[in-house]
Amino acid sequence: MRIQSLILFALTTFLASGVLPGQGVTHEMLLHPPADSWPTYHGDYSGRRFSPLSKINASNINSLGLAWVFRTGVSGGVFGASVKATPLLVNGILYFTLPDHVWAVDARTGHELWHYQWESKGGIHLGNRGAGIYGSWLYFETPDCNLVSLNTKTGKERWHKQICDLDQMYYASTAPVIVKNHILTGVSGDDLDVPGYIESHDLETGDLQWRWYAHPQPGEPEAATWPNTEAMLHGGGMTWGESTYDPELNLIYFGTGNPQPVIQGSGRLGDNLYTESIVALNPDTGKIAWYFQPSPHDTHDWDAIQTPVLIDGEIDGVKRKLLAQASRNGYFFVLDRTNGKNIVTKKYAAANWAKGLDAKGQPIPDPAKMPQTDGALVSPNQGGAANWPPPSFSPDTGLFYINATDAYSVYYIFDVDQKPEGWGGNDKGGYSQLILKAIDYKTGDVRWAHKWEGQGSARSGVLSTAGNLVFAGDASNNLVALNASTGEPLWHVNLGNAPSNGPTTFELDGTQYLLVAAGDTLYSFAMLGK
Amino acid sequence: MTHFARLCLAGALLSHAAAVPGAAGQLPDGSQKQTVLKLCGTCHSANLVLGRGMTREQWGDTVSSMVARGAKGSPEEFSQVVDYLAANFPPKASATKAPAAATTKAKKPASIGQGADDQQVVDDVLADRGKKIYIAECITCHGPKARGANEGPPNLRGPDLVRSVTVLHDRYGNTIGAFLRQGHVTQSGTPSADFTATQIVDLSHFLHQRVGDTLRSGPFNSVLNVLTGDAKAGAAYFNGEGKCSTCHSPSGDLAGIARRYDPPTLQQRYLFPATPSFGGRNAKSGKPVILTVTPPDGPAVTGELVRLDDFNAALRDSAGDHHSWKRTPALKVEKNDPYATHNALLEQYTDKNIHDVVAYLETLK
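So the protein lines, in turn, are chains A and B. Using this note's numbering, read the first sequence as starting at -3 and increasing by one per residue. Using this note's numbering, read the second sequence as starting at 69 and increasing by one per residue.
Think of the hints as simulated: they come from the structure by calculation, not from any bench. Be aware that one or more of the hints could be misleading.
Not everything, but these chain A residues come out facing chain B in the computed CB check (under 10 Å) [as the list claims (entries may be wrong)]:
#: 1; residue: THR105
#: 2; residue: GLY119
#: 3; residue: LEU122
#: 4; residue: ASP140
#: 5; residue: ASP189
#: 6; residue: ASP308
#: 7; residue: GLY525
Backbone N, C-alpha and C define an ideal beta-carbon position, used for all residues, glycine too.
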């Protein structure tokens, strides 16, 4: 039955896309990425960023050397650029982005094959997390609200489609994720009070297939989590994280961002669904299967867009399909991903804003720790206990690794108008301490924690490997490899800038490479000695 | 209507250049430019500040809130960033006085790069004229801030114009004018189709000004009042439970502290002394972390921490000499953070403690 449906699925999506297998990324490659590829943002659909490669391991990590460096060269005389993209690897070629820019680079040599630049009409240029590829077509989003498709061989544009309205101050920053014949595109922007949504576009034409809004429809039970329809239809919930996908359940998983107005919540009393929620959708229809809300009625800008990591694990001796998120609000959640039911809720970082948990396992916000005109001391701060940098889960150790922050700041209300809009407040100042934490997914207990010395709180993504290694950025511009079981630091390299993306690894010609970005530069490491 | 007054901060604007790395203008040279590049460049392009203008206090607030969002650097470096931004991007003089002739070559709303590059550049003089039209013809239904009216008779509850797609898509009256020409109720009974082209442009500037003021970078985003505590209770906490008097004295290091800082800055500095906040007069950056390193075969060396990670330690001694070591099990490293006690208190304070202590500190004039 399952095999039959998989064959049918492969066949229909193959026919729908019209792309010949072997030319580039195939559905088979996305479902089972080979060791010489990293074909989607998270490497595979699980979002766990665990590599089964072990040629680089705890016993030989100190032989790792620099293979090549690629400078984007677009930073010019102004502030340096920061590569937040996870480069994709397909047929020995890396593809990565900066806002408005895409590069194709030879993964063995760091040699540039092509560079594409989009002519921008505006939007916030804070970051771009990369591309999606299917067949020989690349897809990426631009700050000025376009989904652009390029030929992976030439870097020439095939088409572009508008995915949001710049005048309503949306912008776009996520890496599109390819699922079957769908390009999933999230949107960003929380300056004006506009609704968040996620779209699905056709692989070939880019035409819109469906759009799911991060709010219920008037009259639905969840609409009662808003005081009125206008607040609900202008309630935010941006979709700026990259989805994960379970092909057996045929569900995509992603988190939604903060409600609007961001800080002053007096005009939107209630839980504000589906903002700050982990959501499961059918990718063919855009229909919601279930939701779970990490931050009901958020007033701290704690977008719940952190990777919903899919874990095939065991709880009380029973095999379960799980989903884990280390959320920006300081709580670690484990859910049953078939139905969204909560299994674990536990703090993994400083968090003083909740009174307890409700029957569904969701934290209950403490009104005293909502922003106040005279200030409320809150942990975490606006940056959060975690943010967009991706975590990692190792099935070998059973540990979920997150570069976490214990942080405090003071949240203020600025706007005491009857109808606040936009932000209506903000947080100021703060203290933060960066700590790499390894969380037992079965209990939420922190098995080990490694505090990073240094004054910085810049954070990177995390990679774990079958070499019993965890790679993460510290607070001093180092990329560090640690023992995945114990947290002991083993190896480091100072990159001169904070590691700025999620590290990746792959094998080419029998050599395992480690790839990371810091600032405007990609660094590749390997053991190349003969 | 004083809240309609355009603050000089609204002079903050972006350069018209597309925010493309490498395609933008240069930051002015200055001794702290490299520090600015290092601390801010991780997330921002230079377009963020080019063309903006703010007071030192406002730049301090901005930088301080960036620290809360994860900006990375030492207090001294953040101080340099504020110095540089305040010196090179002061408030625009032109924003505080009316230009001789009305001109549409004014400025964009304060912005961090949101929206389209071709968004309307608000002219304050025209917006002021538009405000008069708005008050005469629109305010009853659309409210004092153009956020709509939710109270009053249903026929006078007009929609929110800040959220109006017609307004947001408008450039210099092109969509607002088209809408009004179709006929729309006005307060005076004047047919909206009779509005002159000039009136429509003026209204357009006023409405875009309202949108700009709604943004988080708008001019009304400041702390309102933190002096809500009980000074006596604050003094009791200071001398008792909080143990502040162990290190501080109202007649010693804290004498006249309320003269040096405004209350919001006082609150921030008391809670986060290691994090620079620059709102006050003569604001100083924090004290350095002290490192003492004892090599297995040599005497201890003490100095200001330069760098400490899992692999290396470095300090600058009192003679100004730099020392660095590879960390090994035999190398003893002691770190003395002068703010460790303050940081530990963050887990213990109640918000009442905080407001009481600030009220008490405010009495130390």
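- Task: Hint by hint, work out which the structure violates, then give me just those numbers in ascending order.
- Result: 1, 6 and 7
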